[in-house]
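Using the sequences and the accompanying hints, generate a full structural model.
Taken in sequence, the protein lines are chains R and X. Counting in this note's numbering, the first sequence runs from 245 upward without gaps. Counting in this note's numbering, the second sequence runs from 20 upward without gaps.
Hint data in this document are derived by calculation from the structure and do not stem from the laboratory. Only a predicted model underlies this, so the values are computations on that prediction, with no experimental measurement involved. Don't take every hint at face value.
To be verified - Partner residues are not named here, just some residues of chain X that face chain R (Cβ under 7 Å, in silico):
| # | residue |
| --- | --- |
| 1 | Leu55 |
| 2 | Gly245 |
| 3 | Leu259 |
In this text, a Cβ means the ideal position worked out from N, Cα and C, and glycines have one as well.
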Amino acid sequence: MNWFKKLNTAFKKSSSKITDNISQIFTKKKLDEESLEAFEDMLIESDMGITTAQKISQNLKKTRFGKDVSEEEIHNFLASEIESIVKKREKHLVLDFNNTPQVILMVGVNGSGKTTSIAKLCHTWKDQGKSILIAAADTFRAAAIDQLSTWADRLSIPIYKKSPGADAAGIVYEAYQQAKKDNTDILIIDTAGRLQNNSSLMAELEKISRVLKKLDPNLPHQSLLVLDGTTGQNALNQVQEFQKTVPITGLIMTKLDGTAKGGILVQIADQIDIPIYAIGVGESLEDLNQFDAKSYAESLVSTNN
Amino acid sequence: MFQNLTSKLSSVFDGLSRRGTLSEDDVNKALREVRLALLEADVSLPVAKQFIEQIKEKAVGQNVLKSISPAQMVIKIVHDQLVELLGAEATEISLNTQPPAVILMAGLQGAGKTTTTAKLARWLTQKKNKKVLLASLDVYRPAAQEQLAILANQVNVPSLEIISGQKPLDIAKRALKQAKSDGLDVLILDTAGRTHVDQDMMREAQEIQSLSQPIETFLVADSMTGQDAVNSAKAFHEALPLTGIILTRVDGDSRGGAALSMKMTTGCPIKFIGLGEKVDQFDVFHPERIAGRILDKGDVVSLVEQAAESFDQAEAEKLSKKMAKGKFDLNDLANQLRQMQNMGGMGKLMSMIPGVNKMKDKLGAAGLEDKSITHQIALIQSMTPQERRYPKLLNASRKRRIAAGSGLDVPQINKLLKQHEAMGKMMKKMKKMKKSDLSALESKMGQLPNNPFNPR
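Shown next as structure tokens:
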């Protein structure tokens, strides 16, 4: 099921890395308090958060303090630290096609990239010859249904939609019946963006999940939370709060093609037991990569762009 | 977190309190904590460093006011400096040019440009009496132009007719022409989201800017942005010259440190904030509010203003009198609950009160989450007018009737009655409170005329 491109070119396009300043930090040969602090700052600048940054720099201190360190050594150390943190969350999105339709619920805050991620996912599934139905359950945002329809047309995938303002849970219910009737392999549901502290919108999401559970207690098979890679510490809240409403089965982090380093992903991996499935690295349909801990850590740290 | 910072600072100052002036050593210790607080709030590291340097200069040698602790003193200095840097006062939008005044909206993907464009149009129409035209130059994201057209319709502002296949620059030209020939005051150009490292797209933005000569070029930016805020804001400012920033999703629970990062990096004022998905959830920027938020100090001023707007003044006066007499019946409770709902529910209300983050989970236990407000109102509505005035009448049989009528159960009625009783007691207590934590809140609320929180 290795249907994402390996994490590579697109991510490396990103113009800056955690370690851009590394040569300035380790001008002296010996690792002292000052360079250690600068090292920690460098990690914080990637949105890794203070706790995780301190943890990594303490590990560095334990093994290397007062010793001669080369830039390369620091590189390798950091890459392996990051890899060991994110490795335990590296999972493949596995769908069970003996049990169709596989229902996938896409959730996230506004503007995180849910709709585009759906198009990218559908593109990969379509290449594998899977039949798909898209449910347009974002009935709130203006033209959200049109946006999704355009993608569906481009990909020649059927879409179940109603007029704006329709009840989202109702659409989900009917789309499922449709997918069942047509023997569709995958039903992917686009939901409206919602901030995790908006209790009424979170209640609406809970309703969607409840409606699905009534159809089959195993539904949805996957609930994917889409996170914006430029988000700071709030991404941690997002994971925790969405998790309370619909059990999130995995994460997709988008917009890692800018200068944001997405270090928050390391922090989330460090603090929350939740699989990371994929990262978005651009606007074209191919720009969704399966999450690979090793190449993620290396691209985050490497300087040879 | 503010509580957190206060308590951390208090422990730093343990044993050195009340020494008159803040020494450099005291300040250094305190600032280490302040720095961490800023970083946790997503203030970018270079900005946090610069900020700390400025604070240090201001704080060393300061006399600690008699009434407050050194920790509070440092927080006050930090807060004041934050307010000053964020913009000492609200900066007006500039439209002072030969009409149509062009406003260009730019930003990263998903920042909220299109929604903000419609909100700004509504604001200009309603608050400034301007005739506005909207045009979307986003030919890349599917249905982006349709989205703006729908929103324009919602806010009763015309939008440029969509001609598919037209290039952004040509759309801009057409929009300018139409705004001129229709004699409109303002033209807002919504552009496609772009990553600042995408050179082609940044060049396109420059071309749009030089063609349309906007008087305002706004960076629309997500208030949840992390450390990268400095990079993106800087890149946009270098490519476009920006004239201002609009912060979106301020209704979220992020700490909003990106606001400080972007303001300090670009020097551009933050002019507006977006507070929700609806077109009227938009306001001019108030620096104190974001400053308080970065320090997790809550948004007392906004809360007070919103409370004043939502509370019916006549109702409030009546309530004040009743409260003063200690007569607060279930009708009054129902009114209060309804007004709470009008203010956006308990969650929103609580999020604006200082130091309440930790309390949020306890709200459920106290029966104050939004759903239970609806239930409580249903219970009260199932009572007879007499029962509402004299809750003591409620015996077991009446309670069963009310439970059946409201679709709820007797324990819920008991809970409601207990809560009502507790509120009555609390109100009596509140009258006695003078020098407690509430004093700041009270004094601010006291400035409002006919204030519901300030029974006289």
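Verification of the supplied hints:
1. Leu55: Check passed: Cβ of leucine 55 of chain X comes within 6 Å of chain R, closer than 7 Å.
2. Gly245: holds (3 Å)
3. Leu259: Interface hint status for leucine 259 of chain X: violated (16 Å vs cutoff 7 Å).
When each numbered hint is compared with the structure, a violation occurs for hint 3 only.
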